[in-house]
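So the sequence lines, in the order shown, correspond to chains A and B.
FYI, in the working numbering the residues of the first sequence are 1 to 290.
FYI, in the working numbering the residues of the second sequence are 1001 to 1306.
I should point out that these hints are in silico values taken from the structure, not numbers from a laboratory.
Keep in mind that a hint or two might mislead.
Stated by the list, open to error - Pairs of lysine-lysine, BS3-like flavour, derived with a Cα cap of 27 Å:
| hint | chain 1 | residue 1 | chain 2 | residue 2 |
| --- | --- | --- | --- | --- |
| 1 | A | K201 | A | K118 |
| 2 | A | K285 | B | K1076 |
| 3 | B | K1028 | B | K1094 |
| 4 | B | K1277 | A | K194 |
| 5 | B | K1094 | B | K1123 |
| 6 | B | K1230 | B | K1172 |
Here is what each chain is made of, one letter per residue.
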Amino acid sequence: FKDVAFTDVSVLFKGVDEGSLETLETLLIESDFGVTTSLALVADVEFRAKRGEVKTEAEFRGALAQGIEAALRKGNADPTLLRATTGPTVVLVIGVNGAGKTTFIGKLSAQFKKEGKKVLLGAADTFRAGAIDQLRVWAERAGVDFVGGAPGSDPASVAFDAVDAGMTRGADIVIVDTAGRLHTSDDLMTELRKIHRVIMKRLPDAPHEVLLVLDGTIGQNALSQARTFSAAVPVTGIVVTKLDGTAKGGIVVAVHEALNVPIKFVGLGEQIGDLEPFDAGDYAKELVEA
Amino acid sequence: MFDELSDKLGNVFAKLRGRGVLTDADIKEGLREVRRVLLEADVNFSLTREFLERVEKKAVGVLQIKTIQPAQQLVKIVHDELTAMLGERREGLKMSTVPPTIIMMVGLQGSGKTTTAGKLARKLMLENRSTRLVAADVYRPAAIDQLETLGKALNVPVYADRDTKDVVKIAKAGIDQGVRARDRVVIIDTAGRLQIDADMMDELKKLKAAIKPDEILFVADGMTGQEAVKIAQGFDEALNVTGVILTKLDGDARGGAALSIYGVLKKPIKYIGVGEKPDALEEFHPERMAGRILQMGDIVSLVEKA
Ligand SMILES: Nc1nc2c(ncn2[C@@H]2O[C@H](COP(=O)(O)OP(=O)(O)OP(=O)(O)O)[C@@H](O)[C@H]2O)c(=O)[nH]1
Ligand SMILES: Nc1nc2c(ncn2[C@@H]2O[C@H](COP(=O)(O)OP(=O)(O)OP(=O)(O)O)[C@@H](O)[C@H]2O)c(=O)[nH]1
Ligand SMILES: [Mg+2]
Ligand SMILES: [Mg+2]
């Protein structure tokens, strides 16, 4: 007996294993995919089951993994970092409070450093207590250049100075950290637009990447964050952090669909090496095996 | 007033109008909308299921007799049940009879522990309770700087020792300093950690055993998704937390995590964080939280109109 009130897998066909479909739906919802995305992905598996393409539990899961991977590979999905044709590549890092922006920058700069690139970090979070020191520690750890202003100073002018310093010092990469901000704060979103504008003023094709950092532990609000941030500044990629925990970060599928930008990196811990490029296939496979 | 659930339920029941008494199947149709709203608010999946079972029992009784404004009736049942599930009472901090009261902040990385420690210190100082902050996060870069900066801005003394990684030693020394200064409250800030990180959880267990805190506050991000239950359970099983603080509710997150966490821990949600500034700390109101999860405004006036 199946209670329709407690599931949205309502259209069931003869020969399709209801139990398996419900298991998949549960798996997706519990991984923060959200109702709409979960239903679409399960409907796809249901369709294939109806046609006799999938029968066993393993095949159901396999089909789901394929669906997830396909969704993540659709449209603009290349995780490679965009680079400037000449001069420094400027990466602007944005996101809500505590998502993992500063830590991500520390890890990313270490990766570039290892490739022999000259990296410069700009501490444009002049608001949060200890934020400038935190980025400075990361710059020291990674052995890269650092530009910071005074606490409370104008973040846009720090961003300008960082790009300017990167250009005059011949840096390959300039990464600008910003203060965490909730997308619902109009003032802070205006401030972000100004930071973006000022970077463009110093280097017209910059920033080459605007990376939105999403905490992998958060739920459906990520979609609202992604939409609002990308309406304010042109987001070019997503970074998902904290996937070393138990959360699965499934909302990235809906975010990718909504913004049509690639998921570029995954944060897997607090140490300098805990950063990996995002791989849609690996992500999908691990998810259904969990 | 944007009221998604009422609108959706209104649509569902409008389709059924003219058929007389609502059947069980009609009610189930309505409950499917409730389910969607709860899941979109990040209420835990299993809890949603249990919740709907309870609501269904009540709804069948009420809606079959009283079919006027069934949508509103169902919304009211759902809202009341949610409010009840979030805990009836409001609770402040538990003060020790022998000062200083010791408060320990715990939680995942970036949930808001350090900021909330500052907010609590400010609040306690305003109540004329001299408070001390202790920097027991020896891992995050510049965590000590962050707490010291907050302390300076709030005029709250901060104990720190940059020469050791031994958090028990740091906390004990900080408390000793508080005792000598006749402080009323000492708040220990700890590093963020995953509930599955056995070594880091052991560190907290040892700290708890050594300092016997009066309050262990689990600080959780109000935007947390489906994992909220497991995370909260992880911290509670290790430490038996005494209360919960939900942060970052100044945004538009629906905050289903509140229900998920209270639903499994049954530990009071003592405060909510509604901003980055030190004064952005509010009391928790179950009925308001229920309205937020359901994305509706003033439920009372809504039902009275019905
Ligand atoms: N477990 C885990 N923790 C992480 C990861 N990334 C960041 N963190 C931790 O999350 C916390 C917040 O990280 P930050 O880098 O300060 O986040 P932020 O977005 O810069 O924060 P604000 O600047 O305050 O908005 C820190 O304790 C980090 O060590 C990750 O991938 N895994
Ligand atoms: N908007 C908003 N931001 C908050 C709130 N509480 C904390 N924050 C911000 O969230 C970020 C993380 O806060 P912290 O206090 O550093 O978090 P934490 O738990 O101490 O982090 P770790 O020590 O790295 O585990 C900072 O940017 C804070 O300013 C809140 O209620 N609303
Ligand atoms: Mg930061
Ligand atoms: Mg902290």
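Each hint, compared with the structure:
{"no.": "1", "hint": "A:K201 x A:K118", "result": "holds, 22 Å"}
{"no.": "2", "hint": "A:K285 x B:K1076", "result": "violated, 42 Å"}
{"no.": "3", "hint": "B:K1028 x B:K1094", "result": "violated, 43 Å"}
{"no.": "4", "hint": "B:K1277 x A:K194", "result": "holds, 22 Å"}
{"no.": "5", "hint": "B:K1094 x B:K1123", "result": "holds, 14 Å"}
{"no.": "6", "hint": "B:K1230 x B:K1172", "result": "violated, 30 Å"}
Comparing the model with each numbered hint stated earlier shows that hints 2, 3 and 6 do not hold.
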